Amino acid sequence: MMKYIIELILSIGKVDRRWIFLVIGLAVLLPLFFPLGLPIRATNATQRVYDAVEELEPNSKVLVSFEYGPSTKPEIHPMAIAILRHLFTNSQKVYVTCLWPDGQFMAEDALTEIAEEEYGLTYGEDYVLLGFRPGNEAVVKGLVSNIRKLYTTDARGTLVDQIPMMANVNKVKDFDFIFSASAGYPGTIEWVQYAADPTGVPMSTGTTSIQVNDVMPYVQSGQVKGILAGMPGAAEYEALIGSPGIGTSGMDAQSIAHLVIVLFIVFGNITYFIETQRAKKY
Amino acid sequence: MVACGLSLAFLVFLLAGHPGFREERVVMFLAINIMAGTLVYYIRLAQRGEDFYLRTIPGLKAVEEAVGRSTEMGKPVLYVPGIMDMDQVETVAGVIILGHVAKMTARYETSLNVPVSRSIVMKAGREIVRESYTMEGRPDLFQDDMVHYLTDDQFAYAAGVNGIMVREKPAACLYMGKFYAESLILAETGNSIGAIQIAGTASQAQIPFFVTACDYTLIGEEFFAASAYLSQKPELLGGLKGQDMLKAFVTAVILLALSLRVFNDLGWIGWNVIDFLTVQ
Amino acid sequence: MLWKRQIPILIATVIGLLTLFGWFIDNPGIESFVNDDATQWFDILASFAIFLGALNLMKLQGKKVLKQHSGWQYSLFAIGGFIFAIVAGFIYKGNDAVSWGFHVTSKGTLFKWMFDFIFTPLSATMFALLAFFVASASYRAFRVRNLEATLLLVSGIIIMVGRVPLGSSISSWFIMYLLVLVGSIAANIKLQDKIITFGVLLGGVVIVTIWGSLAGWPVDQPSIFYLPMLQDWIYNNPNVAGARAIMIGIGLGIFATSIRYILGVEKSYIGE
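Chains as they are written, first to last, in numbering that gives the first Met the number 0: chain Y, 0 to 281; chain B, 0 to 279; chain E, 0 to 271.
Be aware that one or more of the hints could be misleading.
[Unchecked claim] Computed list of lysine-lysine pairs in PhoX-like fashion (alpha-carbon distance at most 20 Å, straight line):
#	chain 1	residue 1	chain 2	residue 2
1	E	K266	B	K102
2	Y	K279	E	K189
3	Y	K280	Y	K2
4	B	K232	B	K102
5	E	K189	Y	K280
6	B	K74	B	K102
7	E	K3	B	K122
8	E	K266	B	K122
9	B	K168	E	K63
10	B	K232	E	K266
11	Y	K279	Y	K2
[Claimed, not checked] Short, incomplete list of chain Y residues facing chain E, as computed with Cβ under 8 Å:
#	residue
12	I39
13	N43
14	L258
15	I260
[Stated by the list, open to error] Pair ranges (Cβ atoms, derived):
#	chain 1	residue 1	chain 2	residue 2	range
16	Y	G241	E	G80	41 to 49 Å
17	E	L16	B	F275	20 to 28 Å
18	E	D219	B	V252	34 to 42 Å
19	Y	S242	B	V165	38 to 46 Å
20	B	E167	E	G80	15 to 23 Å
21	E	K3	Y	K148	33 to 41 Å
22	E	P217	Y	L9	39 to 47 Å
23	E	L9	Y	D50	49 to 57 Å
24	B	F12	E	R243	30 to 38 Å
Read the hints as simulated data drawn from the structure, not as lab findings.
Remember, it's a predicted structure, so these values are computed and weren't measured experimentally.
Note that beta-carbon positions come from the ideal geometry of N, C-alpha and C, so glycine has one too.
Chain Y with its partners taken away, still in its complex shape (with noise of 0.2 Å):
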């Protein structure tokens, strides 16, 4: 019995790879349609990014970035919606600049979601979406030395200076927070070496889980205040907003896909076993 038990492992373990595609997939798919509504508590970093926003007094103005594209977009628009309905609900105006050509759509569909259609605020005087340009780290050089020499009009063509809510907004220093929504390069990394850190406003990030080792040294010596840490962050801001949104509900199938990949790790761990004994054994 023990023996057929072994060759059945071995033989499984032996299995094409897209077999494990199939599983992994449909351990995806079907927490999606069946949801466990497992429990979200807020990690450290999380809670410190909350606790920033919060800190804020009303009417604060708040720089928000969108660094990221239609690619990483269900893992980092979950967390811009929710700290952008977190800064609205918290009376902050918001003025949006993008770091990548496809973060303008993205601030455009989180902008017209959120500031328009839920909280129904006034274009200029509650938010304004400046938009993209060309440079990377240049553009945030060139936020932080003279906003006006490098945005004559936002996105909708509008001249600057004819925007209610711009009236004395020069440069990155006239900000009281910065908030960097970012998948990659330009993203955190840069607004905190040539942004926050020279100017000393506040700031913290949304990132994509892979870009989470990159920039903790950074969460960790506070120059960054918090990090939201991929889908997990951004279900947790919304936990801690108390707004369930698109991050809680792909939690329940990122629970059950780690836990596959992990009950892989382990099967395959047993295979290796046995083998290395049999290779002893012989």
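Using the hints, position chains B and E against chain Y.
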């Protein structure tokens, strides 16, 4: 002598009121000069014939094996110089290693396929490959289309390179440059076609993916050392020795700053080293 | 020779030194060059160079179709996609109420349609492939080969489970029971003695049960066995320590490489 002269001149300039100099950045200025000076010193030492020990880097030794394997199997070598432009040092390092790889492919008469995601990288890559083929005495084997453009978009590029891998089944896949989330997509596809894979990157977040899916991975500094290792030029080897000395220097500064910070926290000294080291 | 060797090196040295030391000079002209102009020059050059890339792409794909190389059908998609994007970007807006330039992001235009319904799903699909590749790579690579690999495997599992809500639902007492089980398996493999194995298992279970009953079985206590806490610690301590070390090494590598270019020591980029 030159260093002493320059230091003296800077001291005089500083004491004389240093017009036009940003005083608040003097720490950074000194750090750059000390570090650059150390590098130059070791480069000069190497040029004068000093011998430096260079540990074996298995990943770089494997490059020639990979090209040899491709030759034996009659399959091409695929070289991916990352997804960023020439303004990133990693891309420049990737293009330089491409030059060395091209010399090997010219020598072994193996075909080389270099899909790139930036036009300037295409131009730079072509120049360096052409030069390598010429230096190896095989300009006849060089074709412009060896280095070809796919697209600027990250995932479209990954899809394009994956397509090349699946269709052409190269025997060796080399990934040298700056990578983001596409790293695992490329390396896993390379793995699935059974190619020998060597990666080199300074993209910290991608290193675990390459380590998992590739046969060899050049991590950070090893990647930057590749040019020196492959060329064995004394001035480049001297630079590596200088880099090691810099690491010792940085470690000493970290330990010293840590002690001073602790003393400050304990109230033994009133001077905060963090304020001194923070560049405005 | 002068144009191919000395002049490129001279340009790299002069511009490199200016960019490096310009940061220390209090002069608006130099400051503006370092902060804005130099980078924007590169962007302008790169923007024009895109024509070279596009032409090369079309030339290769066209050649493939004309000569009917293997997989030439895919090239038709590449050419078709290229032409469609040009039409949507420069020739046909699809919504006359929107002016040129703003048609890229405005609703109801062909370009926005292409972005929403072609580009977005394709990009998201490629990114989503990562989930599958992560699974297959972990399955293949995470093996208990030696002590380091085992540590990597265990911390990997803790991070993967502890990072998601599932981890916060797993009680630290369950983890403790699991550790007792693993401990007794290890004792059995090492000592091959049934009594000792049974003793370790029974002792462990009794200790954990008594401890749990006295403490009232709180899910997150003791925190050292609570996966979310454990993953937080791993992420913030050993992980960041390693990341910092690699970061410093990479920083030094970038610095040394840049200095080598600026001083003209490294000339491989011009083929030497």
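Discussion item. When the structure is checked against the list of hints, which entries are broken? Sort them ascending.
Written reply: none
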